[in-house]
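Each chain, letter by letter, is given below.
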Amino acid sequence: MASIDKPIEEYAAVKTWFTGLRDQSGIDPHDDPSRVAFLKEFCATLEMDPDELVAACLLKKEGRETKISIKGRRSMAERIADFQAAGTDARERPKRGNTIRSFLIHNGILLQSGIQI
Amino acid sequence: MEYKEVIGRRRTIRFFQSWRPVEREKIQIMLEAARIASCAVNATFLKAIVVIRDDIPRETLDAIKTPVSGLNIELAPVHIYTFADMGAYKGAQARLKKLVDVGALNATHGWSHKFVDEFVWPNVLKPLAENANQPSVAAAAASDAGIAICQAMLAAVDEGLGVCLSAFQHEHMNKILKAPPEWIPLWVLLTGYPAESWEAGGQRPRPPLEEQFFEGQYGKPFKGDPKVTEQLKAAKMIQAPAPLPWRKEEIKALARMFGLPE
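Those sequence lines, one after another, are chains G and X. The first sequence: position 39 = 1159 (the numbering used here), numbered continuously. The second sequence: position 38 = 42 (the numbering used here), numbered continuously.
Keep in mind that the hints were calculated from the coordinates and are not lab data. Just so you know, even glycine gets a beta-carbon here, dropped at the ideal spot from N, CA and C. Errors might be hidden in some of the hints.
[Stated by the list, open to error] Some, not all, of what chain G presents toward chain X, calculated at C-beta under 7 Å:
hint, residue
1, 1214
2, 1221
3, 1232
[Stated by the list, open to error] Cut-off 25 Å, straight-line C-alpha distance, at most; resulting in silico cross-link-like pairs (DSS-like, lysine-lysine):
hint, chain 1, residue 1, chain 2, residue 2
4, X, 252, G, 1135
5, X, 256, G, 1135
6, X, 30, G, 1191
7, X, 256, G, 1215
8, G, 1215, X, 101
9, G, 1160, X, 69
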């Protein structure tokens, strides 16, 4: 477990996320400061850095093949739901959860959350 | 809508107006379109069970989602669960003779009741019926079911609906559906009014004609005539390819409307 010890944009997973937001979703990653703020808060809650969040959803098999871990993904989905529910503003809650989901999805972690309205 | 345009407008719709029910008559139109589809030995391989999503208990709805189909299943107000009925071979003898009776199968092509009873049934159909679990037999049944499903999909498009063929976790859903064991689960045909534009971002990328189809033998591409291509564009069968310029903005708007990740 590690905390964030460098600018968050320098983590590989954050770079991947930003690239996905720009190229796939047509979104400027910096257009909304809450995006990075939510990720930092989530990382602090789990005491993980962004790269570790992604790694926690993966399963290393025989030291070489990496597959998506169903257990890891479910556990992460539950933590995101808790993080979402912890928002103080009802309108902000879905945004909290979806920011983290977006981060993981653009890093190749399958997370279909369903409607958050 | 003209036939070619219906083909051209069909897309896999992934955003449905989850709140808007589908008129029962439109579902019937889809089923009727499937019912009259081409089918080998006049066997109705396709079986389907129509379910209104809101009649499915929440825990079952969650359980039938596959990793990539969860949102589609949740948004579509009508679910049509499709199956290939491996028992359909069983009545084929009588159905073939009915085709003889109505003049669809004729002596001109070698057909008679006696031919069905003494050759086709014992030598062709009975072995198929008795070996329905063989992959080639199941594939043939699934192929016919797919043809019928396709007609239902196109009828839906003609009625202004959106459709999406999706996988589902059959073992959970079958507690409600109670489908017979000889029915092989295929897809759930998700149906509803599109929440995205009917273009859904444009016609999907497909390989050119020459890569997929051949003439005479494999390796000799079937060459299309550019004039025909232009005719199909005029008939709206070949449409503007994805992505349309505004697609990303549309997805952003949909994501925000439904509260989805971007």
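Taking the hints in turn, this is what the structure says about them:
1. About 4 Å separates the beta-carbon of residue 1214/G from the nearest beta-carbon of chain X, less than 7 Å, and the hint is met.
2. At about 4 Å, the closest approach between the beta carbon of residue 1221/G and any beta carbon in chain X falls short of 7 Å, and the interface hint on this residue holds.
3. Hint status for residue 1232/G relative to chain X: holds, with the closest Cβ pair at about 4 Å, below 7 Å.
4. At roughly 20 Å between alpha-carbon atoms, residue 252/X and residue 1135/G fall within 25 Å of each other, so this suggested pair holds.
5. Annotation: proposed proximity of residue 256/X to residue 1135/G holds, straight-line Cα distance about 21 Å (limit 25 Å).
6. For the proposed pair residue 30/X and residue 1191/G, the alpha carbon gap of about 41 Å is over 25 Å, so the pair is violated.
7. For a cut-off of 25 Å, the pair hint linking residue 256/X to residue 1215/G stands: about 13 Å separates their Cα positions.
8. Proximity of residue 1215/G to residue 101/X is assessed by CA-CA distance (about 63 Å); at most 25 Å being required, the pair is judged violated.
9. Between the alpha carbons of residue 1160/G and residue 69/X the distance comes to roughly 31 Å, so the proposed pair goes past 25 Å and is violated.
The structure fails hints 6, 8 and 9 (numbered hints given earlier, in ascending order).
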